[in-house]
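> Residue numbers (my numbering), protein chains in the order written: chain A, 3 to 292; chain B, 672 to 1083; chain C, 10 to 308.
Hints are not guaranteed to be accurate.
Said to hold, decoys possible - Partial chain A-side listing against chain B, Cβ under 8 Å, derived:
hint	residue
1	Val72
2	Thr95
3	Ala96
4	Phe104
5	Gln109
6	Asp117
7	Gly122
8	Gly130
9	Ile131
10	Gly134
11	Thr141
12	Ser143
Read the hints as simulated data drawn from the structure, not as lab findings.
None of the values given here were measured: they were computed from a predicted structure.
Note that the Cβ used here is the ideal one computed from N, Cα and C, for glycine as well.
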Amino acid sequence: MSNPVPDAVEMPAHPGNGAPLLSVEGLTVRFAGVTALAEVSFNVQPGELFAVIGPNGAGKTSLFNVFSRVYQPAAGTITFDGRDLLRLKPHQTARAGIARTFQNLGQFPLHTVLDYMLLGRHTHMRSGILLGGIYLGPTRSEEKKNRAYCLKLLSLLGLERYQNYPLGSLPYGLQKRADLARALAMQPRLLLLDEPVAGMGLEESQDIAAVILDIKEQLGITQILVEHDMAMVMGIADRVLVLDFGRVIAQGLPAEIQANPDVIKAYLGEEFGKQASVDVSTPAETSREQ
Amino acid sequence: MSAAETAVETPAIEEPPGLLRLAIVRGLVVLGIIAVGIFFLIASDEWLNIANYTMLAAIAALSLNVLSGYTGQVSLGIAFFMAIGAYTAVWLGGDPTTTFFINAQKVPALGLGLSWLIWLPGAGIVAAIAGAIIGPTALRLKGFYLGIVSLALIFIGQQIFVNASRLTGGPGGRSFPSVTFGSFDFSQQNTILGVAVTSNQQYFLLILVILVIAAVFVHNVMRSRAGRAFQAVRDNETGAAILGVNLFEAKMGAFILSAFLAGIAGALFAAFNSYVRPDYWGLLLSIQYVAAIIVGGIASVWGSILGAAFVFALPQIIELLTPQSQSSTSTGVIFGIASGDLNAAIYGLLIIVFLLFEPAGMIGLIRRGQLLVRRLSNRPRKGGEPAKASPNSVHDSEFEVESSTLSTGDGA
Amino acid sequence: MAFFIQLVFNGIALGCIYALIALGFTIIFKASEVINFAQGEFLLVGAYVASAGVFDWNLGFVPSILLAIAVTVIIGMLFERFALRRMIGRPVFSIIMITIGLDTILRTGVVIKWGSTIRAPASPFQFSSGFNVGGVHFGANEIWTIIVTIAICALLFVFFRFTRYGLAMRATAIDQEAALAIGVNVRTVYALAWGIAGAIATIGGIFLAIQAAAFDSTLGQTALLAFPAIILGGLDSVVGAVVGGILIGLTQDLTAGYEGHFTNIVGAGFHDIAPYILMIIILFIRPYGLFGTRKVERV
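Construct all of the structure, not just a fragment, from the sequences and the given hints.
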């Protein structure tokens, strides 16, 4: 797949035929005696901003690791863009159009921001060792074009002045932002955001939230967001999936989820769940435990 | 975008900084060429000799850096790949009229007597093939497991070489014909355009050209797509794969390139030294190269060259310069180095000292020096902001630059 | 048949020595995740110091052994304290390399101090003491090697199972941070690990030197064979260390015994590389050794 580098920061269009971009059925992941995910099923529509929330250990990162093909599921199917995702190897997910941000950022501390971006362009570039070693000719023009593209992305995210800083030397918030820029540089169809505002203050979180919304509205990229920050999630997500101990306990619009007593119970415990089931007046699914 | 900071200029299209792009580097290169030229003309034979062995070592150090420094594969096998190169060269270029005494019998040696234009690239190619065969092991084995397998490679290799007497001449080794360029035999003194050039001078030019080509090639690879992939593999394989790097391709590529360079170095050594023995290609040689890249700078082209100079040239230079004292521990000259145990102990010490105190090697020291100079000239003005925000000032001392790499623009 | 049994017996005895080295290595690795390339060299240093103790400084056999153990233990602990502590958190490559540095220094240091002349080993046995059964000579040294190895394994078992420090080491091996959190003095654990490793390598070295009847610095080459043993068994497995050691010892001696028939094909000295070939074969099937555990890289 050799995509010509677009002049503007374009992103690939998505099929408008109403079929979900990602479809997960009965996903079960087990390791070391722990069931990380159990019978998880959900769909993500193209262009959607889909959030996955749940208490710690609920299996959210495991979900992403399955999408990245780092974990092998014990059961279940995943269809991405009409193809069976489980048949792909980890490095093929990028080519298929899936980009992911990392939860732990210590991976490439020595790469400069720009080099990290260019690393993100790996699947969109072609030079191998031979061409690279000669450099003049195809490689040089490829480097020029892709550098320009990456710098444009960086400037859109306000990172352009840090292009030559090693990642490890940047403050945490900037690293996360650079990671997001790198994911965008991969020109994905599906963007997996792994706790993009973890450890950030209020203002920075709001900045990132705005970026995420911009990605959705201006670039039309489908996103799955894993996050703990409830306010942010409920504020921007189209739909929300709630996991607890690897199981789906609720799915739906943010407002529904916020009112769902099972969700409240999972996060805050039995007492609040009971309270919620008393206070809340939604007609559906109120499990009354007396 | 709403999140963008306000002061954003349209970036100029940044051409990747090549070796020649920056004015300072340009100036240094010119100076360097002049210095090399002067050296070539006036240096004595002993100095040229040292220089030649050092440049050969630099090519091999580049090879090791490609595999271990840039791609993070733990490998002690460089001696093996050099040996493959040397013996391929011997096979392709060796004198077919030589005979060996093996088991008290006279046996014709293997050798095709071909020109260096065939055996030199041939050595690289065959070594590269060996690298391609060994490469897949790096996919299954990680870290120390891989390291010990590479160790096994050396021992098994030596076993094979000692026993393949028709090719290698057995434990005693065999001689190797020199490079001949048309009517010029490099082992003789010749005349070019009325100027007399010694054997060492001719080899100097040849090896220098090859070293420069190799260095530029590696530098280019590392600042392009393939090199970025190598370094990503070194830093975090799983992460690299998620970014789309095909681990198989990357590791194979690293092994093949590294082995090719090692093979070339080994073959050139055979020609220059005009003699090769199986016991040259042992563990000590690999450790010397490890010391070289640690001392010089991991993942750095200049680091490879500096490290080779430090580890291979320095002992010889010292010996050359000091009055003929009884250096009781040097037992002979292999690779132009006194292979004494004292030297080996020093390599060990160098490795430890540098790893503890300057893991980025001499390149790291140089960069610290640059940083210091920059800091001294960047003293904050009173009541204002610091004069310049230089990219490296953010991290200073807490941040260990283990690999001085990637496109920071100072040329590797 | 007697020949075969002889080879097996000698092989097991040799294997026990490798097992001791490998055990020390694994203990260090499990406690601190450090790969001690210099482990085999402790063996060398031990043999030399013991020999020097008996022949140069006229100490008795037992004091010489104790001196040798003390020297290697001190070297190990000093190295750990002053070199390795600073390397915490650095990439595996660097840690391996720094222990290679130590390995080189130890190996050449021994030669610098004592030269490369052949030495007699410190030994309490007469040369051919032992007994014969049915054409097989059960040498006293070999018997003692096996007995002492079993004893050390038993002692270590008791140590790890039942003593406070042993438990502390096991805890550190499982999860360093957690161990720190519950108050384990990880520094002591590290020092202890290196001390134990040095001590048992020294003991192995003394036995090996006796086996060799006369030794020089090439004893270090033999010590290198502990690495295939370590790899074969699995870096982080104590059982693997012992099994690996014995396997390598057996491989070496059996190959040495029978290779005469195959010199044309594989050349002389094949038994020196047979262990490596065995190791490679096993790694094909089990890339983490027979008993090693897979390391997962975190993303």
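> Now tell me, hint by hint, if it's right for this structure.
Taking the hints in turn, this is what the structure says about them:
no.: 1; hint: Val72; result: holds, 6 Å
no.: 2; hint: Thr95; result: holds, 7 Å
no.: 3; hint: Ala96; result: holds, 3 Å
no.: 4; hint: Phe104; result: holds, 7 Å
no.: 5; hint: Gln109; result: holds, 4 Å
no.: 6; hint: Asp117; result: holds, 5 Å
no.: 7; hint: Gly122; result: holds, 6 Å
no.: 8; hint: Gly130; result: holds, 6 Å
no.: 9; hint: Ile131; result: holds, 5 Å
no.: 10; hint: Gly134; result: holds, 4 Å
no.: 11; hint: Thr141; result: holds, 5 Å
no.: 12; hint: Ser143; result: violated, 10 Å
Violation of the numbered hints given earlier is confined to hint 12; every other hint is satisfied by the structure.
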